[in-house]
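Novice: With these hints in hand, go ahead and build the complete structure from the sequences.
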Amino acid sequence: MAKGVKPRVKVPKSASPGETITIKTLIRHKMESGQRKDKQGNPIPRSIINRFVVDFNGQNVIDVAMQPAISTNPYFQFDAVVPEAGEFTFTWYDDDGSVYTKSRKIKVG
Amino acid sequence: MELTRRDLLVLGSGALAAAGTGSLPAFATPTEDAIAALTGNAVPGEGVITLDAPEIAENGNTVPISVSAPGASLVALFADGNPVPDVAVIRFGPLNPTRTASTRIRLARTQNVIAVARMEDGSFQMARSAVKVTIGGCGG
Chain A
446 MAKGVKPRVK VPKSASPGET ITIKTLIRHK MESGQRKDKQ GNPIPRSIIN
496 RFVVDFNGQN VIDVAMQPAI STNPYFQFDA VVPEAGEFTF TWYDDDGSVY
546 TKSRKIKVG
Chain B
60 MELTRRDLLV LGSGALAAAG TGSLPAFATP TEDAIAALTG NAVPGEGVIT
110 LDAPEIAENG NTVPISVSAP GASLVALFAD GNPVPDVAVI RFGPLNPTRT
160 ASTRIRLART QNVIAVARME DGSFQMARSA VKVTIGGCGG
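Residue numbers (the working numbering), protein chains in the order written: chain A, 446 to 554; chain B, 60 to 199.
Honestly, I wouldn't trust all of these hints.
[Claimed, not checked] Listed below are the simulated BS3-like cross-link pairs for lysine-lysine, each with C-alpha atoms no more than 30 Å apart in a straight line:
| hint | chain 1 | residue 1 | chain 2 | residue 2 |
| --- | --- | --- | --- | --- |
| 1 | A | 451 | A | 475 |
| 2 | A | 451 | A | 469 |
| 3 | A | 482 | B | 191 |
| 4 | A | 451 | A | 552 |
| 5 | A | 458 | B | 191 |
| 6 | A | 475 | B | 191 |
| 7 | A | 547 | A | 448 |
| 8 | A | 482 | A | 550 |
| 9 | A | 469 | A | 552 |
| 10 | A | 552 | B | 191 |
| 11 | A | 475 | A | 448 |
| 12 | A | 451 | A | 547 |
[Claimed, not checked] Chain A is faced by these chain B residues, among others (derived, beta-carbon under 7 Å):
| hint | residue |
| --- | --- |
| 13 | 140 |
| 14 | 148 |
| 15 | 149 |
[Said to hold, decoys possible] Only part of the chain B face toward chain A is listed, based on derived beta-carbon distances under 10 Å:
| hint | residue |
| --- | --- |
| 16 | 102 |
| 17 | 109 |
| 18 | 137 |
| 19 | 142 |
| 20 | 147 |
| 21 | 154 |
| 22 | 158 |
| 23 | 162 |
| 24 | 167 |
| 25 | 171 |
It is worth saying that the hints were derived from the structure and are not from the lab.
Each residue gets a CB set at the ideal place from its N, CA and C atoms; glycine is no exception.
Specialist: Shown next, in the form of structure tokens:
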């Protein structure tokens with residue numbers, strides 16, 4: 446597991462049925478691009494988060510395949526429609542095989 | 060067929076124009092190859108999707124960009140001056156009504172950021188934005 450990885454998400458606590466909400470996510474990660482060299486001139490191997498998926502009650506909201514050109518601490522902002530009360534699940538997939546998840550419940554009414 | 064000097068000139072200028080617009084895969088850069096691989100050599104339309112990027116980015120390590128593609132099922136982002144032109148591929152699910160997304164990307168130098176969207180009817184749309192980078196990202 447890469448060091449110091451910490452996911453953060455911002456989801457409203459409640460929404461009216463069918464409302465479109467905005468979600469912001471950020472995960473603390475170095476996103477080592479594989480292009481850099483260390484002091485001895487050896488290339489530093491790539492180590493990034495390569496995929497980010499958001500689902501709501503099992504239905505997909507967004508699915509992003511990421512390349513090294515995504516900045517350190519990958520940030521995403523996007524919209525989602527909330528048909529009923531439920532839970533958003535956020536999943537990040539690391540190059541080293543680690544999977545980071547976070548979930549947030551939302552009330553409707 | 061015998062080629063006259065005039066024919067050659069016409070041919071030459073045609074080829075130059077094609078290379079300039081980047082529509083001919085034969086002279087393609089890696090970015091154009093990647094776009095052609097995505098669209099299956101179809102020429103994307105323009106004007107439907109929008110790509111917001113700063114005109115001048117002081118720090119190429121984090122350049123905020125935002126893409127809005129109503130009716131798109133997939134948006135691929137490219138940066139044509141980076142060592143690897145691919146940036147990200149965003150797939151929108153059924154619960155995403157606006158088909159917009161914002162993120163932050165790395166740009167190695169002054170270049171174009173290109174968004175290519177696959178619409179729900181299978182056609183392709185494109186938007187591009189030139190970004191001037193003062194300090195490049197991606198490197199040591």
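Novice: If a hint holds in the structure, say so; if it does not, say that too.
Specialist: So, going through the hints one by one against the coordinates:
1. A:451 x A:475: holds (11 Å)
2. A:451 x A:469: holds (14 Å)
3. A:482 x B:191: holds (25 Å)
4. A:451 x A:552: holds (25 Å)
5. A:458 x B:191: With Cα atoms ~39 Å apart, residue 458 (chain A) and residue 191 (chain B) exceed 30 Å; violated.
6. A:475 x B:191: holds (24 Å)
7. A:547 x A:448: Holds, at roughly 17 Å.
8. A:482 x A:550: violated (43 Å)
9. A:469 x A:552: Since the Cα atoms of residue 469 (chain A) and residue 552 (chain A) sit roughly 18 Å apart, the hinted pair holds (cutoff 30 Å).
10. A:552 x B:191: Between residue 552 (chain A) and residue 191 (chain B) the Cα gap is close to 44 Å, so the pair fails against 30 Å, i.e. violated.
11. A:475 x A:448: Status holds; Cα separation ~9 Å.
12. A:451 x A:547: holds (10 Å)
13. 140: violated (11 Å)
14. 148: For residue 148 (chain B), the interface hint holds, since the closest Cβ of chain A sits about 4 Å away, which is under 7 Å.
15. 149: holds (5 Å)
16. 102: violated (24 Å)
17. 109: violated (15 Å)
18. 137: holds (9 Å)
19. 142: holds (6 Å)
20. 147: Where the cut-off is 10 Å and the nearest Cβ of chain A is about 5 Å from residue 147 (chain B), the hint holds.
21. 154: Nearest chain A Cβ about 5 Å off; hint holds.
22. 158: This interface hint holds because 8 Å falls under the 10 Å limit.
23. 162: holds (5 Å)
24. 167: This hint holds: residue 167 (chain B) lies near chain A, its Cβ roughly 8 Å from the closest one there, short of 10 Å.
25. 171: violated (13 Å)
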